[in-house]
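Protein chains in written order, with the working numbering: chain A, 129 to 346; chain B, 1374 to 1788.
Simulated from the structure, these hints should not be mistaken for laboratory data. There may be inaccurate statements among the hints.
Claimed, not checked - Once the Cα atoms are required to be at most 30 angstroms apart in a straight line, the calculated DSS-like pairs of lysine-lysine come out as:
#: 1; chain 1: A; residue 1: Lys249; chain 2: B; residue 2: Lys1624
#: 2; chain 1: B; residue 1: Lys1778; chain 2: A; residue 2: Lys188
#: 3; chain 1: B; residue 1: Lys1778; chain 2: A; residue 2: Lys242
#: 4; chain 1: A; residue 1: Lys229; chain 2: B; residue 2: Lys1379
#: 5; chain 1: B; residue 1: Lys1389; chain 2: A; residue 2: Lys249
#: 6; chain 1: A; residue 1: Lys233; chain 2: B; residue 2: Lys1631
#: 7; chain 1: A; residue 1: Lys169; chain 2: B; residue 2: Lys1775
#: 8; chain 1: A; residue 1: Lys192; chain 2: B; residue 2: Lys1376
Unchecked claim - Each pair of labels, with its calculated beta carbon distance range:
#: 9; chain 1: B; residue 1: Leu1759; chain 2: A; residue 2: Asp186; range: 50 to 60 angstroms
#: 10; chain 1: B; residue 1: Met1676; chain 2: A; residue 2: Arg293; range: 37 to 47 angstroms
#: 11; chain 1: B; residue 1: Gly1724; chain 2: A; residue 2: Asp186; range: 34 to 44 angstroms
#: 12; chain 1: B; residue 1: Leu1759; chain 2: A; residue 2: Ile141; range: 51 to 61 angstroms
#: 13; chain 1: B; residue 1: Ser1748; chain 2: A; residue 2: Arg187; range: 30 to 40 angstroms
#: 14; chain 1: B; residue 1: Glu1780; chain 2: A; residue 2: Glu296; range: 27 to 37 angstroms
C-beta atoms are modelled at their ideal positions from N, C-alpha and C, and glycine is treated no differently.
Now for the letters of each chain:
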Amino acid sequence: MAVTALKGIDVEIDSGTFVSFIGPSGSGKTTLLNLIGCLDKPTSGEVRINNVAISQLDRKNAAKFRGDNLGFIFQNFNLLPVLTAYENVEYPLIMVQDVPKNERKERILSLLEKTGMLDQKDKYPNQLSGGQKQRVAVARALVTNPKMVLADEPTANLDHETAYRIMEVMRNMKDEFGTTFIFSTHDSKLMDVMEVVHTIEDGLIVDNDSGKQRGGKS
Amino acid sequence: MTKIFKIAFRNLFRYKRRTFLTTSLIAIGVILVIAFGGIAGAFKNQIVGILTNSVLADIQIHQKGYLSSMDNMPLDMTMSGGGLAKIEKLLEESDQVKAFSKRLRFAAMVSNFSQTTNARLTAVYPEMESQTCPDLPKRVKGPEADPAKFVKPGEIILPANLAKGLELTIGSDVVLVAHNKDGSVNGITLRVGGISENIMGPTGKDGYLHMDDAQSLLRIDNGEITEIAIKLKNFDKLDTAYEQLKLELMKIKGKSDKPMYEISTWEELSPFTSIARIIDLLIIVVRVILISIVLISILNVMMMSVYERVREIGTMASIGTPPRRILSLFLAEGFSLGLMSSIIGSLLGTGILFIFRVIKLNFTFGRMDISLSPSVPLSEVLVAILIVVAISVISSLQPALKASKLEPVDALRHV
């Protein structure tokens, strides 16, 4: 039986903002992120990023669009276990964008330094803490210079202090690279760092809370 | 590409026990193929070597139609005169032929003056025969040490069983009685100059005598012979030499403008050919077993690998890895597993053959003392590796395609 996850969502996201969709479990946050992330297609309606109708893209072009324009951060970090921290960050540059070796090294080391993981670069994911894994995941999401980073419950598996630090790292990245960050979370404590917050309930956006009121400050 | 193989290798060693078991299974298959192929091949080659060096030679030439009535040893299908001279010239000028021996084969009765039995006799020029079948003189027990004189005029070499049955020893006199082609019966008294071990077992009735005695017995005065046995310089070029000689031989035509002679390789003359074919068939069967082992084990491992890593595949796909790269990643894994296993198996297989080669495998087959020194050509090792790698990639294809076609959103949800 088909279940309607989102109903009549109509939302515009400005580039270079820190946006969050909040709501209880099952409200449709992840589905919305999957639609924006070109991972899923709406049964009706359209998703456009920079005037590209991403919901119309075929499998191959959708993969290319994701590789060129989007970065992903997952609740469970989703690092590749056979690769070191350095290699995990390097992965999209080799397997997705074919970036030359010298340029790769420069970009990876720079991001690992900014995320505070430079001294852990040779460790495998199972040798890292949850917070460290997520920092590597942030570096991996940003290494391709994406226009937008989608983070699905990025702090759900982290303690509050670590979660706060990770958010700070992402906030710094946003400020430095002008990347749009879109979060889904039900962690209300993280609302302080958001510029725009949309509340979703039962597949509908029920409240738009402009970042202006929040001042976008952490 | 390097990175893909690096990831593939790390994924293989991530599941060490499973990879170890699969590698071992495939390696055992490769060892089986190489060791069995090497030993069976060495056995076959040795038997063929004994047969060709002791009795048959590599190639034989007969008068047309002789082969089909060979068991009757007819004396009215002989080679002589101009035709024979042409063949001799052809063989002397051929760069493929090392030596050849003219033979006259006939049936005769052998008597010790109180008992008589039948025998198949081959009259030879010992110098030519010892060069064409160099192992024949070695199988003759007698006082003569010079292989080129292993049978002298006035002497006969009798097979061991026949000599034993007639209570003959070296130096005994025997009477040989035979029909010639005109039907007249003639006899000659000869001295037993040697006792030969028959390579094909106790039923052997093959004796040897000097060509001069046979011509005297059969009243032959024009140099008639029934066959020419040929030893090649390089046995490996048997087929080429056969074709070349056949081509030239077919040019020698009789009065009816048809070829006068027929040419046969040892394969057409020996019942061992069937055994050799069975050995070749068994080698193929062992290879098919290896292919099955590789196919099933790699398919199993790769399917499990894909199933266990669905979320990982989802992550790779979601961050934009093109499906063809995901496909290559899993194909590289299957390729690496196959290559690694086949190299290990090849090294162990050739190592085992080397040990057998050093210690020698000695046994008796029929009346042949076999001492195997098995070896395997590099090409066969490479073929085994190639088969394993190719089958590994083929069996990885289905799981790899499945992985590359996974929808990232479904894969990420997979628990």
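The hints, checked one at a time:
Only pairs whose Cα atoms come within 30 angstroms are accepted, and Lys249/A paired with Lys1624/B is rejected, the gap being roughly 81 angstroms. The suggested pairing of Lys1778/B with Lys188/A holds, with an alpha-carbon distance near 11 angstroms, which does not exceed 30 angstroms. The straight-line distance between the Cα atoms of Lys1778/B and Lys242/A is roughly 35 angstroms, outside the 30 angstroms bound, and the hint therefore fails. A C-alpha spacing of about 16 angstroms is found between Lys229/A and Lys1379/B, which places the hinted pair at or below 30 angstroms, so the restraint holds.
With a C-alpha separation of about 24 angstroms, the suggested pair Lys1389/B and Lys249/A falls inside the 30 angstroms cut-off, and the hint holds. Between Lys233/A and Lys1631/B the CA atoms are separated by roughly 82 angstroms; this puts the pair beyond 30 angstroms, and the hint is violated. A distance of roughly 21 angstroms separates the Cα atoms of Lys169/A and Lys1775/B; the hinted pair therefore holds under the 30 angstroms criterion. Under the criterion of a C-alpha separation no larger than 30 angstroms, the hint pairing Lys192/A with Lys1376/B is consistent with the structure, at around 20 angstroms.
Taken as a hint, the range 50 to 60 angstroms is violated for the pair Leu1759/B and Asp186/A, whose Cβ atoms sit roughly 37 angstroms apart. Between Met1676/B and Arg293/A the beta carbons are some 41 angstroms apart, a value that agrees with the proposed interval 37 to 47 angstroms. At roughly 53 angstroms, the beta-carbon separation of Gly1724/B and Asp186/A lies outside the given 34 to 44 angstroms, and the hint is violated. Checked against the given bound of 51 to 61 angstroms, the beta carbons of Leu1759/B and Ile141/A, roughly 55 angstroms apart, stay inside it.
Between Ser1748/B and Arg187/A the CB atoms are about 53 angstroms apart, so this pair departs from the stated range of 30 to 40 angstroms. For the pair Glu1780/B and Glu296/A, the supplied restraint of 27 to 37 angstroms holds, since their beta-carbon distance comes to about 34 angstroms.
Violated hints, in rising order: 1, 3, 6, 9, 11, 13; the structure is consistent with all others.
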